[in-house]
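Trainee: Taking the hints into account, I'd like the entire structure generated from these sequences.
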Amino acid sequence: MKDIIIGLIMGIVEGLTEFAPVSSTGHLILTGHLLNFEGTPRVTTFEVFIQLGSILAVVVLFWKRILAILGLKRNEETDVAGKLSIIHIAIGIIPFCLGGIILYDTIKEVLFRPQTVVITLVAGGILMIIAEKFKPAPSSNTLDQVTYKQAFLVGLFQCLALVPGFSRSGATLSGGLLAGMNHKTAAEFTFIMAIPIMFAASGKDLLESWSQLSAADIPLFATGFLTAFVVAAIAIKFFLNLINKVKLIPFAIYRFILAIVFWIFIL
Numbered sequence: 001m002k003d004i005i006i007g008l009i010m011g012i013v014e015g016l017t018e019f020a021p022v023s024s025t026g027h028l029i030l031t032g033h034l035l036n037f038e039g040t041p042r043v044t045t046f047e048v049f050i051q052l053g054s055i056l057a058v059v060v061l062f063w064k065r066i067l068a069i070l071g072l073k074r075n076e077e078t079d080v081a082g083k084l085s086i087i088h089i090a091i092g093i094i095p096f097c098l099g100g101i102i103l104y105d106t107i108k109e110v111l112f113r114p115q116t117v118v119i120t121l122v123a124g125g126i127l128m129i130i131a132e133k134f135k136p137a138p139s140s141n142t143l144d145q146v147t148y149k150q151a152f153l154v155g156l157f158q159c160l161a162l163v164p165g166f167s168r169s170g171a172t173l174s175g176g177l178l179a180g181m182n183h184k185t186a187a188e189f190t191f192i193m194a195i196p197i198m199f200a201a202s203g204k205d206l207l208e209s210w211s212q213l214s215a216a217d218i219p220l221f222a223t224g225f226l227t228a229f230v231v232a233a234i235a236i237k238f239f240l241n242l243i244n245k246v247k248l249i250p251f252a253i254y255r256f257i258l259a260i261v262f263w264i265f266i267l
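Everything in the sequence shown is counted per full-length UniProt numbering, starting at 1 for the first residue and increasing by one.
This list has only true hints and no planted wrong ones.
Heads up, simulated DSSO-like pairs for lysine-lysine below, C-alpha to C-alpha not over 30 Å straight-line:
hint	residue 1	residue 2
1	K73	K237
2	K247	K184
3	K83	K245
With beta-carbon atoms standing in for the labels, derived distance ranges:
hint	residue 1	residue 2	range
4	I86	I5	39 to 49 Å
5	P136	G39	39 to 49 Å
6	I130	W210	37 to 47 Å
The hints are simulated quantities; they were obtained by calculation from the structure and are not laboratory data. We put the beta carbon where it would ideally sit given N, CA and C, even for glycine.
Mentor: So this is what it looks like as structure tokens:
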């Protein structure tokens with residue numbers, strides 16, 4: 001029963017924060033600390049596994065757009081195969097993938113610690129405020145207006161998320177605004193671009209640690225995965241409606257508050 005309760009709580013936290021610009025890593029570390037659920041390979045593997053629940057929610061919500069990107073379905077909005085193509089996605093993820101391959105070991109060994117998360121929570125919040133203050137008038141108000149240049153610029157900003165706590169969504173949303181996307185388009189591009197990245201990164205970590213798990217871990221992992229999937233699906237729809245109204249600055253302020261809480265409870 002304890003595992004199921006932990007799975008529910010951690011799954012809710014993951015689902016709520018994975019695609020909001022507030023750092024799911026920071027929230028999972030803080031929640032795990034408060035639940036005394038931390039510091040073991042089992043916990044690390046669980047946190048990776050439930051991310052797949054969140055990303056599955058994106059696949060389910062955007063399945064028509066994904067098929068259009070792959071050229072398997074006509075875009076119902078534009079009556080074409082889909083102007084946002086797999087080339088845009090590839091251009092967006094290549095910088096992140098290269099950075100991950102080069103810096104993976106260093107990040108895991110040196111940067112994956114609470115002190116880093118506090119710093120990046122604040123740094124990410126500052127970036128989001130800068131993006132809101134200095135963003136140009138949007139030239140891309142739908143996904144089909146996103147250019148290769150914009151996709152690449154967002155990909156460069158996404159590299160900031162290699163550092164734990166920076167928030168991939170926070171980095172890419174900021175990059176999208178500064179590249180000339182409106183808030184909703186930047187958010188949708190962020191969600192879709194997350195699919196191959198998160199599947200690849202989570203899959204790698206799972207393959208490396210799966211042998212350390214046992215059948216007794218199934219209730220915890222299943223509960224966390226399903227909870228993250230359901231909560232993320234609801235959170236994504238809510239966030240897409242919210243982001244055009246409230247913009248990024250409230251999320252930046254929240255990050256500053258979270259950094260203070262993190263400092264008090266973790267450091």
